[in-house]
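Chemist: Okay, here's what each chain looks like letter by letter:
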Amino acid sequence: DAEITQSPRHKITETGRQVTLACHQTWNHNNMFWYRQDLGHGLRLIHYSYGVQDTNKGEVSDGYSVSRSNTEDLPLTLESAASSQTSVYFCASSDWGSEQFFGPGTRLTVL
Amino acid sequence: AQSVTQPDIHITVSEGASLELRCNYSYGATPYLFWYVQSPGQGLQLLLKYFSGDTLVQGIKGFEAEFKRSQSSFNLRKPSVHWSDAAEYFCAVEGGPSGTYKYIFGTGTRLKVLA
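Residue numbers (my numbering), protein chains in the order written: chain A, 909 to 1019; chain B, 23 to 137.
The reader is advised that the hints may include incorrect statements.
[To be verified] Straight-line distance between alpha carbons at most 27 angstroms, and here's what the computed DSS-like set of lysine-lysine pairs gives:
| hint | chain 1 | residue 1 | chain 2 | residue 2 |
| --- | --- | --- | --- | --- |
| 1 | B | K83 | B | K124 |
| 2 | B | K134 | B | K83 |
| 3 | B | K124 | A | K965 |
| 4 | B | K71 | B | K134 |
| 5 | B | K90 | B | K124 |
| 6 | A | K965 | B | K83 |
To be clear, the hints were calculated from the coordinates, so they are not data collected in a lab. In this text, all values refer to a predicted model and were calculated from it rather than measured experimentally.
Required output: the full structure, derived from the provided sequences and hints.
Modeler: As structure tokens, then:
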């Protein structure tokens, strides 16, 4: 069955370190999205991509970057982790005109 | 600005009682509308979606939602709640046929079910 996976599921890191969260989907979807989930804010869009070599900033993109070198993967990089980036991160994918399918999430703690 | 409002942060109902979760949106055109459910420590699962057509939409797990254009609402309902329905529920909107495939999420409603 097609799926979307995220790794690691849990990560603890220190302030200032670079961190990369992986997202891999086997749906062959064109669109991929990264969200962060924080209490009282729901899910907020960080970055998104409509296809290979395409990336776009969402509403909370500062301090994050993504790259799309193939259809299946959209890794999210925190260039220099900050305590404010402690959150749960969700990756999602969709095809044109369909709903988004979500991964299981990565819980990131920045100390 | 485009927005989604879920006015109830927490709702508690007794098992077997009916449920209605509210969702209001602010959007220029008729958007696509979604309800997702999130169990603790899990990702989001789609309950139902509205793209066009019949404004009463049936979803999984016995849920339904009604799109009311005049009220800019898309409320989620279930006639009889089960203990396993305890979870957090998110309403989301997307721009429709001319949209950008990006969602705007509400802040969620956490449902507690009493035995």
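Chemist: Please go over all the hints and tell whether each is borne out by the structure.
Modeler: Tested hints:
Restraint check: the Cα-Cα separation between B:K83 and B:K124 comes to about 26 angstroms, which is no more than 27 angstroms; the hinted pair holds. Distance hint between B:K134 and B:K83 is fulfilled; the C-alpha atoms sit about 16 angstroms from each other, no more than 27 angstroms. Restraint check for B:K124 and A:K965: the C-alpha separation of about 11 angstroms stays at or below 27 angstroms, so the hint holds. The straight-line distance between the Cα atoms of B:K71 and B:K134 is roughly 23 angstroms, inside the 27 angstroms bound, and the hint therefore holds.
In summary, the hint linking B:K90 to B:K124 is supported, as the alpha carbons are separated by about 22 angstroms, within the 27 angstroms threshold. Distance check on the hinted pair: A:K965 and B:K83 sit about 35 angstroms apart at the alpha-carbon level, beyond 27 angstroms; violated.
Hint 6 alone, counting from the list given before, is not met by this structure.
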